[in-house]
Structure formats: structure tokens, C-alpha cells
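Q: Assemble the complex: chain A is given as a structure, and chains B, C, D, E, F, G and H must be docked to it using the hints.
Chains as they are written, first to last, in the working numbering: chain A, 1 to 249; chain B, 1001 to 1249; chain C, 2001 to 2249; chain D, 3001 to 3249; chain E, 4001 to 4249; chain F, 5001 to 5249; chain G, 6001 to 6249; chain H, 7001 to 7249.
Think of the hints as simulated: they come from the structure by calculation, not from any bench. Don't take every hint at face value.
Stated by the list, open to error - Chain E is faced by these chain D residues, among others (derived, beta-carbon under 8 Å):
no.	residue
1	E3007
2	L3010
3	K3011
4	V3013
5	R3014
6	G3016
7	I3020
Unchecked claim - Quick list of the computed label-pair ranges, beta carbon to beta carbon:
no.	chain 1	residue 1	chain 2	residue 2	range
8	B	I1067	A	D154	36 to 42 Å
9	E	E4057	C	G2058	25 to 31 Å
10	E	E4057	D	L3113	41 to 47 Å
11	B	R1148	A	D154	39 to 45 Å
12	F	K5119	E	R4148	20 to 26 Å
13	B	K1115	A	R148	48 to 54 Å
14	E	T4090	G	T6111	43 to 49 Å
15	D	E3117	A	K93	48 to 54 Å
16	A	E21	D	D3195	24 to 30 Å
Heads up, the beta-carbon is just placed ideally off N, CA and C, and yes, glycines get one too.
Number of protein chains: 8
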Amino acid sequence: MNIRKLEDLLKKVRSGKTSIEEAKAQLKSLPFEDLGYARIDHHRSLRRGFPEVIWGEGKTPEQILSIMKQMKGKGQNILITRLQPEKAKTIQKSFPKSRYHPQSKVLTYFTHLVKYEGKGTILVITAGTTDIPVAEEAVVTAQFMGNRVETLYDVGVAGIHRLLSEKERLESARVLIVVAGMEGALPSVVGGLVDRPVIAVPTSVGYGTSFGGITALLAMLNSCASGVAVVNIDNGFGAGYIATLINRM
Amino acid sequence: MNIRKLEDLLKKVRSGKTSIEEAKAQLKSLPFEDLGYARIDHHRSLRRGFPEVIWGEGKTPEQILSIMKQMKGKGQNILITRLQPEKAKTIQKSFPKSRYHPQSKVLTYFTHLVKYEGKGTILVITAGTTDIPVAEEAVVTAQFMGNRVETLYDVGVAGIHRLLSEKERLESARVLIVVAGMEGALPSVVGGLVDRPVIAVPTSVGYGTSFGGITALLAMLNSCASGVAVVNIDNGFGAGYIATLINRM
Amino acid sequence: MNIRKLEDLLKKVRSGKTSIEEAKAQLKSLPFEDLGYARIDHHRSLRRGFPEVIWGEGKTPEQILSIMKQMKGKGQNILITRLQPEKAKTIQKSFPKSRYHPQSKVLTYFTHLVKYEGKGTILVITAGTTDIPVAEEAVVTAQFMGNRVETLYDVGVAGIHRLLSEKERLESARVLIVVAGMEGALPSVVGGLVDRPVIAVPTSVGYGTSFGGITALLAMLNSCASGVAVVNIDNGFGAGYIATLINRM
Amino acid sequence: MNIRKLEDLLKKVRSGKTSIEEAKAQLKSLPFEDLGYARIDHHRSLRRGFPEVIWGEGKTPEQILSIMKQMKGKGQNILITRLQPEKAKTIQKSFPKSRYHPQSKVLTYFTHLVKYEGKGTILVITAGTTDIPVAEEAVVTAQFMGNRVETLYDVGVAGIHRLLSEKERLESARVLIVVAGMEGALPSVVGGLVDRPVIAVPTSVGYGTSFGGITALLAMLNSCASGVAVVNIDNGFGAGYIATLINRM
Amino acid sequence: MNIRKLEDLLKKVRSGKTSIEEAKAQLKSLPFEDLGYARIDHHRSLRRGFPEVIWGEGKTPEQILSIMKQMKGKGQNILITRLQPEKAKTIQKSFPKSRYHPQSKVLTYFTHLVKYEGKGTILVITAGTTDIPVAEEAVVTAQFMGNRVETLYDVGVAGIHRLLSEKERLESARVLIVVAGMEGALPSVVGGLVDRPVIAVPTSVGYGTSFGGITALLAMLNSCASGVAVVNIDNGFGAGYIATLINRM
Amino acid sequence: MNIRKLEDLLKKVRSGKTSIEEAKAQLKSLPFEDLGYARIDHHRSLRRGFPEVIWGEGKTPEQILSIMKQMKGKGQNILITRLQPEKAKTIQKSFPKSRYHPQSKVLTYFTHLVKYEGKGTILVITAGTTDIPVAEEAVVTAQFMGNRVETLYDVGVAGIHRLLSEKERLESARVLIVVAGMEGALPSVVGGLVDRPVIAVPTSVGYGTSFGGITALLAMLNSCASGVAVVNIDNGFGAGYIATLINRM
Amino acid sequence: MNIRKLEDLLKKVRSGKTSIEEAKAQLKSLPFEDLGYARIDHHRSLRRGFPEVIWGEGKTPEQILSIMKQMKGKGQNILITRLQPEKAKTIQKSFPKSRYHPQSKVLTYFTHLVKYEGKGTILVITAGTTDIPVAEEAVVTAQFMGNRVETLYDVGVAGIHRLLSEKERLESARVLIVVAGMEGALPSVVGGLVDRPVIAVPTSVGYGTSFGGITALLAMLNSCASGVAVVNIDNGFGAGYIATLINRM
Amino acid sequence: MNIRKLEDLLKKVRSGKTSIEEAKAQLKSLPFEDLGYARIDHHRSLRRGFPEVIWGEGKTPEQILSIMKQMKGKGQNILITRLQPEKAKTIQKSFPKSRYHPQSKVLTYFTHLVKYEGKGTILVITAGTTDIPVAEEAVVTAQFMGNRVETLYDVGVAGIHRLLSEKERLESARVLIVVAGMEGALPSVVGGLVDRPVIAVPTSVGYGTSFGGITALLAMLNSCASGVAVVNIDNGFGAGYIATLINRM
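In isolation and in its complexed conformation, chain A is listed as follows (with noise of 0.2 Å):
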């Protein structure tokens, strides 16, 4: 039941054509969404500039194709994570605007101008250089989604003075996403330098006890340093999502 059927169902109602009790046994198994749950959803998803992300992995170039096409209908932004280069090729066929991150293996493509909504800078860190392409995934989804996002590439806790000489950089974000594999202890150096919320990403970076991540997963959820929380291994876009939700506050 729409907002439509509900007005003729209250109008009928008031006229006398519906019946009270029937009007009560209708309304009571009243799907919630048809009542503008998912609508209001709906709403806020364009009003907000957060159009639907299309996770690439385990879908089909037809059907990712299927559903940027109604997306680009409706005039949304299209944000695809996880896409391998093969599958971009194709999609590239149909959207030779979308530009394709080879490194984060993300495709966006844009009807319209992204509106800058973050009101700070999201700062991305990296240990090191084979966590980038992770990070990248992060800069992307934040830009994307409204934000200003600088870069602070290969800082890892052992050259300790790399990091350190950026103090500045560090102290002017609002946000910071800080990507590292294998001892993870980024974060945690990271954490005890800045007043502000840092998103930790495990990268699978490594080799033997890196356990594709799960090391550096650990170190960060037992982090020393307060202000510091956790997203899934190499889950880059994760972090770029919640961190624009912060930054927009």
C-alpha cells in the first residue's frame, strides 16, 4: 500500500464507503514500506547524495550493466567496487564516460557533479607502498561522496621519523583512515598523535604470519591508542564510507 492507496483507503473511509473495522483489518497488516519506509529511503539516498555502490565481485558484467543503466536513468552517480579489470573492460564498452582505478579496481561514472558535503579533509595514510591499492579504494569512495581527501603514502612505524616529520599534515584532518598489513602498528602510532577519530583498514599484505591480514586486524583492535575503530580487511571502501558520514558532521 502506497501513500496513494492510503489516501483513497482514509477517504473512503471519512465517506463512509469503507467500513471502520474493515479499514482497521487493512491498515493492521499495512506493509511498513509502502508506506513510504522505503520511500523516505529513497528520498534521502538522492537528497543526501549517496546513490547506490554496486559490490562487482560475483556479478555478472550483464548484470552490473542492468543496473547501472537504471541507475544512470534515475540520474545517479554510480560508485563499483571490486571490479576486476576484465569486467571493466566491458562495462567501458557501454559507459565510455565511467573512468576505471586500475590499483583500487573501482569504476565510477557520474551523471552529475559531485557537491562537496565533508567539511574537512579526509587524510588516507599507508605503511606502505603495497597497501595503496587499498587506500585507493578509500580515496575514491571518499571523493565520490563528497569529500576533500589527501594522501600520506609509505609512513610505516619502521622509519618512524616519516611520519613524524608530517605532523602538521596529521593535525589538520578530520578524519584519517590509517591502511597497513602485516605488524598493523600504524594506527596505533597514528592514534596517540591526532584528536580525531581514526578508521583502521587491515590490508592482506604480507607473507607467512600476516595471515592475509589478520595480524594486522588484530594489532588494531587491541590498539593502545584511544580513537581508533575497525573495519574488515582490505575493505577500503568501508572505511571511505564511514568516514564521510563523519565528516559531514
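A: Below, chains B, C, D, E, F, G and H without anything else, positioned relative to chain A:
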């Protein structure tokens, strides 16, 4: 070397009492925190209302009392986490005005009123009643750090209507802390209902394959809802702290 | 908004006291459980004989007694699981007619006779004698919920003839609950002998690499016999509950 | 010793050709399956419509074809699970009327019509679109075994209204199979909404700490909703099988 | 149906009192253990000197005493493993001639002399002194079951000469049980020195990453020496049992 | 220093050519294997028919051929395990009379007939058909080392009658090797039926929570049947080797 | 056979009292430690000042006292690790001059002065105050073994300036032992600041996902800084021991 | 700010061109590495012969070549680890004088002769032949960094005499690197035979429960021999690096 000493040195350089070579040598090995880094740190702590927090576990009452006296002397408010009841008793003999929260095992002592610096409300939600002690650690921490806090307890996903009927409270919060043990599903549902950052706290509530909170932790890290970040198992304090950082923005 | 309020609203719409626009607005944010969802839930519980079940762990005797008094007031039967003996003692002072099952740590209190709604017999089987406490939790739960229950204890696979000699009882059961620790092999063997759903319950019985029931759980999940589904370690209650749902069909 | 041989023996006892001692000796070591145990098993399979199921993994196309020919000769319907596409191609050359389901990697071949013996509908639900292949294995299995099956896909908990709007379909199902990867929360929510047995199937969908389905599995085992039992990761077949057993009751 | 009943049935068949059809029906569902399977089992136990073994853990002293009295009545020797000292005290009041081994927590009671059926010597070796309790469980078990047992304690691999100097004793044993915690390396070294089967027993001795014996277990399973098989952590009894089976050959 | 050199030294001592001090010094640092330890080892290998076994994994065909030529030169029989088919092809060009077993990935080459030194039969049992490659590694190993081997395949516990009907073969074996993946229950059942040592071999057969054989391994270590010892996952060779040691006794 | 016996034998060979054949036989089976291997070991221990170390866990006070008396008799210094306070009390009654370190649970007893053989200073660093007991075990061990030891406590990475301000002390140490629990990041930072070997000691300090030190251990093994090696969780003794070996070089 | 700039500033202070306040401000925020910290770091690298090491994994040949050219320009020697053969080919086109070690996947390029700064010999030992690639990474690293290196391969504990016969080489080494997979026992045995620091390197050699090196790692961490420290699985480079630090002492 503190600022006064630095000033002295520079004066001696100007007056010629200290040669440039000698000054260079002294400045080269300058412990940078003496240049004010740590002091700035210290100032920040006083200025922003983040006094020291004492981790009560593994410290004797004597050690804790000694730290408390120093802090009281500086006029700081005091927060002690993970303090066993017997230790609290000993401490309250010396600090009779302190308040012990037995559920969350937190002790607070105030030398001055807390100033509300959080811009909105932090809503702390639990899945079950046994998750409340961890939630209360977050509540007391967030209040101690100057936030208005509301709670919504026992709204786990097995009775989803309990949560949905509180949609308005969910939507009016600025930051949400969601505390859950067992299958840890609540942050995913909450994250899907709100546009605000959700800090998820897994608890060690459960038995068998709950593995002391690991299951809840993993579920939260894998949340299909965007906008969720996670802290360590039972880490109510950490959730309250990062929620504070966000709520000040 | 409950049904009475809804009726009032509809009457006001009919009489013109409330405009259609206003009614629409009120109904749009209608908390759906107030529309009877929760109430239907409540009715269902009374109608089908599934009173509330109290998880005794992590609740004080006072909290439990308070819930029990409410339930008794509504004429409901009461089942409390995972109740430590000392707590049971306290409770039995106020509820002297309640019965405590020390093996399974379950307490039952009846305000009215249980109606047998289960259509057949639930057979509860254990591999060893040390699995019996978990089995008994399933037995008491299933009986409490209106099932005829039989037991077949200590028929583990190391003496397979003990099980095979009871083929008739296995075949006459409508649902089977198989409880085993250690290597957890029994559900696979039982599942190969019967045409009925088998609910497997791993127990924490064992030592060393039994890992508190994980080995039994894994073995059950990997059962080469079809028709086996698994619940959490030591979760006799859960097995009794789903067996009840099946036996009513 | 089969029934015919047993009859011969008994006749010889009656006629005195075989002494009681000798008969005792022969019967004492009687391999019981020769007494009809295996045969009854065989009869049961034919009578109840549960033909053999072939696990395609680790078998060569030749081995599979040989089994299929035997089964076809006996007039049985054939279900092969976990069959790679290349193997399916080979098989379909010999069995051109067989049908291969590429999503679920299941092949079916019918020698006779399936009789609907399931009393109600089995509803198969997924959290996401990438869980559908596992769900389809359950769907095909349940249909093959004589059930009416409905599906409700992509109703994960991050958009809880998608699920809640289908309350009627949830409530009209007799058995529910809930398939989910990532945080595996959906069975808990579904289990809280219905009075019917819920078979939860964790899938290996996800990345990082989803650990190939372990997180979903653990979450399901720890479900705070009663009435949920779990099968192995990606085990759509097992879920369809036990749901069939239940739906026949 | 036992042998007497079978005889009765056959007599009735001969005499015509029971029809062949009826006899067939009775024999078809014949519980095979009644046909002597269990009895043979029983005979074997008496004949070969393997009386029942009682697992003391999780049984009350009353339950244990009841089993012991039955066994004593049948003239069997009794072995109880994993028996806590307090339980042993209670039991020894009723069985004053029983012997309790406090290190290995084993209790033995003899109604008759043990006959040496083991053909050679079982040598029980430990890496350290803290492994001795587990080793003693193996020693008492093997002696109880009729073996000559020698011991070689505290010959861990960090002082390899301690082991090598006992080469003759190693070579004169027929079966070797090697008990080790921590890094569990001893069975590999022993296995490389002898031509006899080595039963490796990991113990829970150690701390930190010894993980209660898991490290030792894994090391033993990965032994680069051939001729090593492994039992559960701390399972001295199991090692003694299988060593007995081998030593009788 | 070998025996000849020792003799020389002693002669020189006797003749006075070497002083006692000098002899002491030489003997004190005597590499003991030169005293014959390694040689005895060598003799033992030739005398008992245990030629070297080559682990094919991680060796190039060239390395393997070089070892084989040395061994062939000494008249030894050769067993190579875990040899990939492509490597086998290369090897068979130089050793055309060698035999490659593709299922078990074992290659054998005989310079002389194997002498049957095993006193009885080793019975190799599998739970399923996909366990056969591992079982065959045990079979070939045991035959190579001079045992009579029988096999009993596909008798898993879900159809327990398949196993029970072979009771006689079970009982006539001297050593049993039981190979199973998935839930790994078969060794427990077999161990309860026989009086002989059972060597359990977990296989990596299965999916999801079979965890590449860990579940089967854990189940076997926790066997409720006595008389079972376990080797590494997929270690058919190890099982064949220790079974050989036992069967020679 | 010790050196004296060897001398006797050689003399008898020279004198002809023992034939060469007989001498060969005796020498061939010569337990090599009797040839001085163990004794050299013993000499080395006395010469280099490494007396025996007693692992106190799992030994009774009586056992420990007996070992101590033997050692005292030989004039050795004594170090006992992991000694519970109650045991220490008992021991100090017999050894009143011994010193018990309650934090590190180490007991020392000196029969002679320790000679400083370490060439430089060992610096022991902790991340937090709760790591100090483990650090102290390393300190006492290293001092006992003849090293000059300095400490630098509570300089965890969340306040990185605390560490950096001590750069000179870091650089003047010859070997560094870094002790940390929780996220275990400190050794990586220290390893990046110095040119000396860093021995990392994970501690079991933490809660939730610190997993009793596993997280710290994994982080240390994955250190992005070169020059770091790791010992077992809480193994302060082991760190002190290897640091001693290095410091003597 | 570098030393020259600092000198300028001080001169301006002396001359009065810069006020004391202004100088204070500049010095207070002085990036400490500009004060020479990083430069000292840089100098140290040149002076001590530790050029940069490039981790080849996850870098493109182009990225690596760019780094190499910079380094060559500065006259540094170059070491690249974990470099896949195809990448090495590309690199060797531009650096034809570089040498690729295919076993260890290490590439070296020398602009100047390595100076032997290690004071003694580093002995690299392996348990098996398949451990050699990891060992070679340690060998090449240690040689590159100026050490004399010897090797002792395939002396695993299952044939302990192979190791013992090399006692002299063991004792003459100054640092020992022990590389082992499977049960990882070798470092414990070596650690018991020598007085020198042992760096243990677990390798991923093995199958089944070797878990890609975890078993070896755990065994090494639990070594009953003192004087052993451990690096990450397959981390030959790390072992070579810390051994170098020790060997320079």
C-alpha cells in the same frame, strides 16, 4: 629542554656566551618533546577536557591511588576502567566522593563539572540484557567526556519490532554505539536504518561457539551495512572515546 | 499506537474531526508493532503454548523472580535455562512448587497443564553418559513445550551394536535429537539409519583436542549422512525448541 | 544370507535336515544386512522417492556416467551435485535430456515425474544476490525431492524493510531455508518472525574476515532466535534434504 | 533375543509350533547383538584380559562405586582414569585394597593377578619431568593390561646426549610411547633411532604458544620420522592401550 | 672414524706408536656415527628391506633421477611418494620398468623381489570413494615394504550396514588402516569392532568446515574407541609405514 | 665411560691385558657423553658461568629444594623461574639468603659473585606498566648471567614521544629486549631506530582479541623493521638468555 | 631544516636579524629529522654498508627499476627479495650484471665490493632439502651484508647422527640460522648443542597439519632449548639480517 631553556640558549647565542657550534650541537640532539610537543599534548589534554584515563586492571590500589592524587592535585577529573569491586572499596576510603559503577566496573571522580562539548546525543544500544555492563562502560565514558547519552537496551534482532518501534530515537542520535554478543547482528540492522556512524562493540556474552565474543566481532567486521566500524571485544571505553571524538565535530 | 487508538483515529476521519492529510501523516510513521504486530506475537505465544523462556545466566535471582511474577500473573508456564543451583535455591523459596532439574540446570514452573501438541515422539539420544546433562536440557524443554519424549543414552559409535539393537525405537521416533561430545560421530550414524530429521547437539565433553565441543561440532557439520542439522555447542534447549516446531507439523 | 536363504534354512530345520545346533551357528554370525536390512533400505529409497544422490566432486565423468546408467536402468530419477560445467557437458552427450543448472552446478535427470509429497511450501531466502547459487542448490534439491519451493532473494538485514514487507510469504511457508554469507545475520531475524523451523545455510560469500563462510556459520550457530538449525558452509543440498524430511511430516 | 531364545525359536520351528513365515519375521529384525555379537564381545573381554575401563571424569563417586561393585562381582580387574583425589578418597573407603596413583590420577583394583600377555617391553619416554603424570597414565594402563613396562624420563631434545646414551634401551623395546609437551620434538628423534612403532603423546605442558598441547600435537603429526602415530593431548591411557594391542602381536 | 680406523688406532696404542694421551684426545671427539652408528643404520636398512623412500614434492626430476641411480646401483628397491604426473613421465623415460600409480601419485621401481615379512594382512578401509587416492598411497607403501594388503572401500558410517557386513574381513586383519575425510567417524566405529591396532588417516576430502581435513583429524584424535592412533592429513605413506612395523612383530 | 675409564682401557690395550677386538667392542658402543661430551658440557657450564636454571612450574618445593642443595654443593649460583610465592616461602626457609622477586616470580641464590662477562648494556623496554613483570624476568635473568641491564618502561607507541625522547639510551645499548602486549607494535618502532639486535617478547597483557598474547606475537613476527627476532609469549627468561649470548660476543 | 639552515638561523639570532621569539617559534616546530636524525640515518646506511633492501613482491618491474637506478646513482649495492623469475628477466635486461638466485628468488647488484665486517662465520642449517630456498635467502642476504657464510643442509632430527657428526662445524660458528619446516624440531636440538645465538626460521614446507609453516613456527617458539629466537615463516632475509647485526658485535 623546555621553552624556557630554549630561550636561555638563544639569548646566550645572541650575547655570544654560547658559540654557534655549541648551540648547533645542543639543538641537534634536542629531545623534541622538550620543545613543547609533549607540553602541547599536555595543554591539549587540559584544554579539551580529556583528562588521563587509568586502566585499572593489573594495577594495585596503591599504584592507582598515587596516580589519582597527582591528578587531583592538577584539578583533573578521573576515570578508572576495569576496576574490580575490592579495589574500588580501598580507593573509596581515600576518595569518598568518588563514584563506583559496579555494572561497568568504572570509577569516576570529579574535581570540576563536566562541560558538554558533544554537539548531539550518543545513543547506546544493546542486543540483550547481559550486554548492559559493556554498554554502561561506554555510557559512563561518554558522559565523563562531555556528551549527552541515551540508551536503548534489549532490542536484539530476534524480535526486530522492538528495534523498529524506536526508529525516531535511532534517527535523532548523532553517533550510535551498538553493543552485542552472540551472533552480533544488531549493528548491521542499525547501520541499515540510520545515516550516522555506528560504533560496534562485540561482547563476550554467549557460550559454545560464541568463543568469548569472537563470533560477534567477526559478524560486525563483515557487516553488510556501510557506516559501521568496530572496536575490541568488551571495549565499551574505546567505543565511548571515539564516539566522543566524533560527537565533538 | 494500538488498535484502540487506530479506531479512534479512523472514527475522527469519518466524522471529519481529523483531516485526511493529518491522518496520513500519523499513519505514515505508525510504529507497526502498535498496529498489532507485537500483539499478534503475544497472542501467538499464548495460543500456541510457547510461553517466554528465561535465560538464567547473567541474571540475578531478583531479576529472575521479577520476571517470573509477571509471567505467573499472566497464567503462563515458566522455563528457566542455565540456572545455577544457588540461584535455584533462592527462587524456590518464592516458588516452592517450581521444579529444579539439577543435571540440566533447568527450572520449570507450571500454572496450568501442558497440552500435548507434538504429533509424535521426540527421541533424545546420547553418545556417552557425560552428555546426559545437555540431553536432559533438550528433554525438559521438549516436554515443557508439549511433546512426548523418549531417551536412549550411552549408545556411542565405539560400541555400534548398542545403537543398532535399538533400531525399532530409532525408527518409531518422529524427530531425533542426537547429543555427542568427543568425535561427534553419532549423528552421522543415526542419520544413516532413519528417515526423520536429526537435530545434532555437540557437547563440550572431552579433553585435549575436543576443544570444548568444537571437534564434535565440526564433525556434525560435515556429516556424510543427509538429514542432519546442527545447533550450538551444549545447546540442548535450542534442539528441544526446533524439534518441537517440527513435531507440531 | 538373504531372505530366500533364510527360508531354506528354516525349512531344513523343520524337516530335520539341519540340526538346531547348526542352524544356531549359521544364524549367530548372520550378516544382518543379508537379512534384509540393506534391502529394506533399498525398498525405502524406491518407495519414498529418495533416489540416490551423486556427489559430483572428485568423480570422473566416466564414473558418474556408469552410476547414472545403473540408476536409469532401475528407473530412478538422478540428482548430481557439485558438478563442474565441463563434466556436465560430457555427461549431457550421453544423457541429452538431463538438465544442468549452471548457477547451482546441479544436474538432474528424470525417468519419471516427481510426485509432490511435501505437504506445504519450502521458502528459500537469501541475504544477497551472490548467495543465490547456494540457494539454488537447495531449490533444485527440494523440488527434485517432491516439494513446492518459493524463493525470496536479496533481503539482507542492512535493508530490513525488504524482508519485513514480505511478512505474509514468510508466514505462509512450512519450512524456511535461509542462505547468507558475510555476517550471517538473516536467519536470526527470520527466526524471530516465524513459528516454523528455519534451516540456516552459511555461504562462503565475502572477503577478509568472512573466512570463507566461517563468520556466517558462527553467527548462525549463535542465533539469539530459537528454532534455527545449521548445515555446513555452502551446503544447499543438505538444507534442501532436511527441509524435505520436515515438509513430509 | 539371546542364544537361549534363538534355540527356543528353532525348536518351535522344528516342532511346527512356529510357522516358517513367523520365524522369518522374527529373525529378520533380530537385534544382532542378541545373536551373540555383544556376547562375543563380552567373552573377548574376559578371555583377553581387557576388563572395562572407567573414565572417572564427570562421574560421581556413587556412579563409579556402583559400576565397580558390578565389575568386582564378575571378578574383573578395574581401571579408573582421570579420577580426582577427593573422589579417590571416597572410593577407597569402599575399596580399601584399591590403589590410587596420585600423579596419573588413575585408580586400580585387582580381583586377580594380571597375566603378562605382552610379548616384549613397552618403553615409556618423556621429554621433561612435568610430562611424567601423563606418562604414568600410560605406564599404569599398560601394566594393568599385562605388559612389562620400562621408563626413560627427562631426555628432551635440548640435551640430546641424554637420549643417545640410552640407545640400547631404546633398541630393546618392542613398542615405544614418547610423551612430550612444548615443541614436541622428541618422537621425531626417537622415531629416527628405532625400528619399532612409536606412539606419540602430546602433553599440555608449556605456556604461551604451547596452546595447551596443540603445538606438541602438531609437531608430532608432522614428524619427519616414519613410524610415528599420535593420540590425543594428555591421552596416556590411549597410548597404553594401543601399545598393548601391538605388544600382544 | 670407522671401525678400520679404530682398529688401526688401537694397534698403534698397543705398539706404542700412539701415546695414550693422544689416543684419548682422538677418541674423545670421536664422531660417533663413525663408530658404526650410521653404518649399523645402513646395514639395518639393507637387511630389513627398508630402502630409502624419496619424497617427490619439491624435488626436480633431475634430483630424483640422480638419487634413483645411486639407489639402483646399490640394488635397492625405490619408492617415490607425492610425485606429480609430469615428473613421473620424465622419470619413466630413464626408468621404463618403473611403475607409476596415478591415483596415489606413487612411483615404484624394483631391482629385486619384495620378500613378504609382514606376518598377517593389513586391511585398508575408506569411508568414501574420494578417499581412495590416500588409501592407495598406504596400499602401495605397505606392499612395497613386504605386506599382504587387502582393501575395503566406501564403507562410511552413513550406511553402517556396509561396514558391518564385512565383519569377518575386519576381524581377520592384523593391522587396520582407516582412511576418512569429512566427519572422520569411521576409525571410531572400526576401533569398536576389532581387537587390532587401528591407524587412522584423515583426508582433505570435503568442503566448508571440513577445513582440508582438520575436522576429520580432530574427530580421529577424539575417538571414543580405544586402540586408535592417528597420522597427518593425507599421510597414506606414514600409515603404511607404521602398519608395516607393527605387522612384522 | 668417563675419561678415567677410557684411560684405563687404553692402558690395558697397551699392556696387552685387553685384546684389540675387545677394546673395539667396548668403544663401539661407547655412550658418547661418557667420553666427555656431557662433561665438556658440564665444564662449559662452570667455565662460562651458565649454571643450571630451574623451571619452577610443575615442580614441588621438595623437588626444587633437592635440586638446589645439589647445586649449592657444587658451588653454583641458582636461578628459578616461574616460582609461585607460596613455594618461594617454603624454599626461603631452607635458603634464607635467597632472594625472591615477586613481580617476575624469579628466585635467585648466589654462592659466588657474578662476573660481568657481557660486553655492553642490555636495555629492557616495555610498552606499558603491566608488561613489567615479564620484563623483570628478563632483567633478573640477564643480570644473573653477568650483564649490565638498564630499563625503559611504559614507552608504548600511543605516546611515541616518550620513546623518541630516549633516543640516546636506545642507541647506547648493545642488545635490546622489547616487551609488549596488546598490539605488540613497540619492537617494530624500536627496530627502526637502532642498529642493534632486538629481541621481542610478546606478553599476555590485554583482553578480548589480544588472545593472551597471540596478537602481540603475530605483530612482532610480522615486524616491518629488520633486526627483530621473537621468543614465546611471556618468555622473559628466554629473551634474557639469548641477549646474554649476544652480549658476550 | 637541515644543519646548514640551523646554522643560518643561529647566525641570524647572533646578528640580531632574527628575534629570539621568532627563532623559538621556528625551532619549536622543527621537524626533527631535519635536525639530522634522518640524515644520521642516511649516513649510517652508507657508512655501515647497509644499503636499502627492496621487497620485490607487489612491485612492478618498472617501480623496481626506478628504485634501482636511484640507488645505483648513489653507488649503493642492491638486494631485492621475493622477486618472481619473470620480473627478474625484465630487470636483468637493464641490469645485465645483476645476479638472480632462482632458488631464493633474490637478485643482487653490486656497484662496489662487499667489505667483510662480520667477525666470524654464520652457519645456515636446514632440516631437509626442500627448506633450502629459504635458507639460500638467508645465505645471500648475509653474504651481501658482509658475512662469511657456511651451510649444512639436510640434517633433520629423524637422522640425528647426520647433525651430531658435524659437531665441530656447529661449534665453530659465531651465529647459527636454523631453517626447518614440518615439525620444526631442529633449532631445539641445535640450541642444545651450541653456546651461540640460534635464529630459527620456520618454513612452509610440509602438508596437512603443517599449516604452511605454523606448526614449525609454534615448535620453535616453544623450544625447550634456551638461546633460540624466531622470525616469520619463510623469512630467510630477516634471519640473515639479524644474524648480521649479531655477527658485527
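Q: All hints, please: hold or fail.
A: Verification of the supplied hints:
Interface restraint check: E3007/D against chain E, minimum CB-CB distance 6 Å, threshold 8 Å, status holds. Here the hint on L3010/D is kept, as its CB sits about 5 Å from the closest CB of chain E, short of 8 Å. Taken as an interface hint, K3011/D checks out: its beta carbon lies about 6 Å from the nearest beta carbon of chain E, inside 8 Å. Hint status for V3013/D relative to chain E: holds, with the closest Cβ pair at about 5 Å, below 8 Å.
Below 8 Å, beta-carbon pairs count as interface contacts, and R3014/D has one with chain E at about 5 Å; its hint therefore holds. Among the interface hints, the one on G3016/D holds; its C-beta lies about 7 Å from the nearest C-beta in chain E, closer than the 8 Å criterion. Hint status for I3020/D relative to chain E: holds, with the closest Cβ pair at about 5 Å, below 8 Å. One distance hint, 36 to 42 Å for the beta-carbon pair I1067/B and D154/A, holds here, with the actual separation near 38 Å.
For the pair E4057/E and G2058/C, the supplied restraint of 25 to 31 Å holds, since their beta-carbon distance comes to about 27 Å. The beta-carbon spacing between E4057/E and L3113/D, approximately 56 Å, falls outside the hinted interval of 41 to 47 Å. Between R1148/B and D154/A, the C-beta spacing of about 41 Å keeps the proposed range 39 to 45 Å intact. A beta carbon spacing of about 21 Å between K5119/F and R4148/E agrees with the range 20 to 26 Å that was offered as a hint.
Between K1115/B and R148/A, the C-beta spacing of about 30 Å breaks the proposed range 48 to 54 Å. In this structure the supplied range 43 to 49 Å holds for T4090/E paired with T6111/G, their Cβ-Cβ distance being about 48 Å. Distance hint check: the CB atoms of E3117/D and K93/A are about 50 Å apart, consistent with the given range 48 to 54 Å. Range check, E21/A to D3195/D: about 27 Å between beta-carbon atoms, so the 24 to 30 Å window is met.
Violated hints, in rising order: 10 and 13; the structure is consistent with all others.
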